Amino acid sequence: MALQAAAIAEAPSLGEAAARIERARAAARRARAERAPQLDASASIETSRSNPGSFGASLPPGISIDPDQTAYGASLSARWDPDIFGRLRSEQRAASLRLDAATADADAVRIALIADIASLVVDWRSLDARAVSLQRDLASAERLIALATARSTAGLAPGADRVRAESVASASRSRLAGLDTERGPIIGRLVTLTGRDAAWVEAQLDAPHGEQALPSAPAALPSDLLVRRPDIVAAAARLAATDADLAATAARRFPRLTLSGTLGLLAFSPGQLFDDDSIIGSLAAAIAGPLLDFGRISAEIDGAAADKKLAFQQYRATVFTALGDAESAYRLIAAADARAAAAAQEAALLARSDALTASRFRAGLADLSAVLEARRQADGAAERAAVAVGAARRARLLLWLALGG
Numbered sequence: 379m380a381l382q383a384a385a386i387a388e389a390p391s392l393g394e395a396a397a398r399i400e401r402a403r404a405a406a407r408r409a410r411a412e413r414a415p416q417l418d419a420s421a422s423i424e425t426s427r428s429n430p431g432s433f434g435a436s437l438p439p440g441i442s443i444d445p446d447q448t449a450y451g452a453s454l455s456a457r458w459d460p461d462i463f464g465r466l467r468s469e470q471r472a473a474s475l476r477l478d479a480a481t482a483d484a485d486a487v488r489i490a491l492i493a494d495i496a497s498l499v500v501d502w503r504s505l506d507a508r509a510v511s512l513q514r515d516l517a518s519a520e521r522l523i524a525l526a527t528a529r530s531t532a533g534l535a536p537g538a539d540r541v542r543a544e545s546v547a548s549a550s551r552s553r554l555a556g557l558d559t560e561r562g563p564i565i566g567r568l569v570t571l572t573g574r575d576a577a578w579v580e581a582q583l584d585a586p587h588g589e590q591a592l593p594s595a596p597a598a599l600p601s602d603l604l605v606r607r608p609d610i611v612a613a614a615a616r617l618a619a620t621d622a623d624l625a626a627t628a629a630r631r632f633p634r635l636t637l638s639g640t641l642g643l644l645a646f647s648p649g650q651l652f653d654d655d656s657i658i659g660s661l662a663a664a665i666a667g668p669l670l671d672f673g674r675i676s677a678e679i680d681g682a683a684a685d686k687k688l689a690f691q692q693y694r695a696t697v698f699t700a701l702g703d704a705e706s707a708y709r710l711i712a713a714a715d716a717r718a719a720a721a722a723q724e725a726a727l728l729a730r731s732d733a734l735t736a737s738r739f740r741a742g743l744a745d746l747s748a749v750l751e752a753r754r755q756a757d758g759a760a761e762r763a764a765v766a767v768g769a770a771r772r773a774r775l776l777l778w779l780a781l782g783g
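Note that the sequence shown ends on residue 783 in this note's numbering; no numbers are left out.
Don't read these hints as lab results, they were simulated from the structure. No experiment lies behind these values; they were computed from the predicted model shown. Some hints here could point you the wrong way.
Said to hold, decoys possible - Label pairs and their computed distance ranges (CB to CB):
id : residue 1 : residue 2 : range
1  : Ala744    : Gly783    : 51 to 61 Å
2  : Thr640    : Ala695    : 48 to 58 Å
3  : Leu727    : Arg551    : 40 to 50 Å
4  : Ser737    : Val605    : 54 to 64 Å
5  : Ser422    : Glu388    : 13 to 23 Å
6  : Val510    : Gln692    : 24 to 34 Å
7  : Leu641    : Glu388    : 48 to 58 Å
In this text, a Cβ means the ideal position worked out from N, Cα and C, and glycines have one as well.
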């Protein structure tokens, strides 16, 4: 619906989640690039002047050395770590898993946002249902006022009957006005979530909609939660990322091989720069590893192992919370459905009782007090039924959220 679309487009919480995804994606690209060779290019012009005396007091005949020299150079250099012990692979895997976790976090924010909006809409619909019931009650009370006034004018009933009927109508008006105090926070919350003005939000809430029956609660296995709930997916990805971090840290204990090479040109005049004799180059392989670090790497490994244990406990807590949420939601639906069914039955019976009492009153077999009492009970039952249906719908939203959307 339009409210959900506006919230998804404008909600700051989703914007924050999107920014975290971009940050994690950039980190994953950096980790992937670390495994590729690095190629650098350079060009230089260097002028130097030497002291002629540094070549000796005299030089053999016919030999002279120009103390001023200009060197022209250009080169390409490459460097690559073949990652023999998997340090870079583990770092790349950890970064990729953190991107998965950030994406799952964004899904969780989106689902929570949709559920929040849906619950507010359900509350609004419940208020509408209560308002319809109260307006019906008010119309009935006004008819009783007219009837009591006519009977009082004809001398068939005391004037107190009209006063009692007016008090019932006033109570209905007061309760109708009280509903507006409950609508205000709903509008305000939706304005915050959607970034739209109150008039637009209220127009969307008041748009025509079909009344739908309560859907049955979907069945779900505990294993379904492990793949459907974004918070569990995110916790699992973070656990796997800490495992990759531990592997990357442990790989630092082993030697690191670096392959490098340079190919370039070096000449002392621009015209000689592309001669065969100007070509220079080098190839090198270097290996380096920790010899004596006084326990630095060991401490880092212990820290990474502790991070993994922490992530595992957080994963367990997330799974247990999800199972508890699902169980609570199923039980809440059962209780809410039973309450809604009982409230609907009560409302139907009291509405029938109200109609029968009104018929007896018109036939002169019941006084106005009995009519007003029957009307009061029917009004309360109808409003309670509307509230119970709203609670049953909210319970289904909680289950939808508990099952991962």
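Hints, one by one, checked against the model:
no. : hint                        : result
1   : Ala744 - Gly783: 51 to 61 Å : holds (54 Å)
2   : Thr640 - Ala695: 48 to 58 Å : holds (54 Å)
3   : Leu727 - Arg551: 40 to 50 Å : violated (26 Å)
4   : Ser737 - Val605: 54 to 64 Å : holds (60 Å)
5   : Ser422 - Glu388: 13 to 23 Å : violated (54 Å)
6   : Val510 - Gln692: 24 to 34 Å : violated (47 Å)
7   : Leu641 - Glu388: 48 to 58 Å : holds (55 Å)
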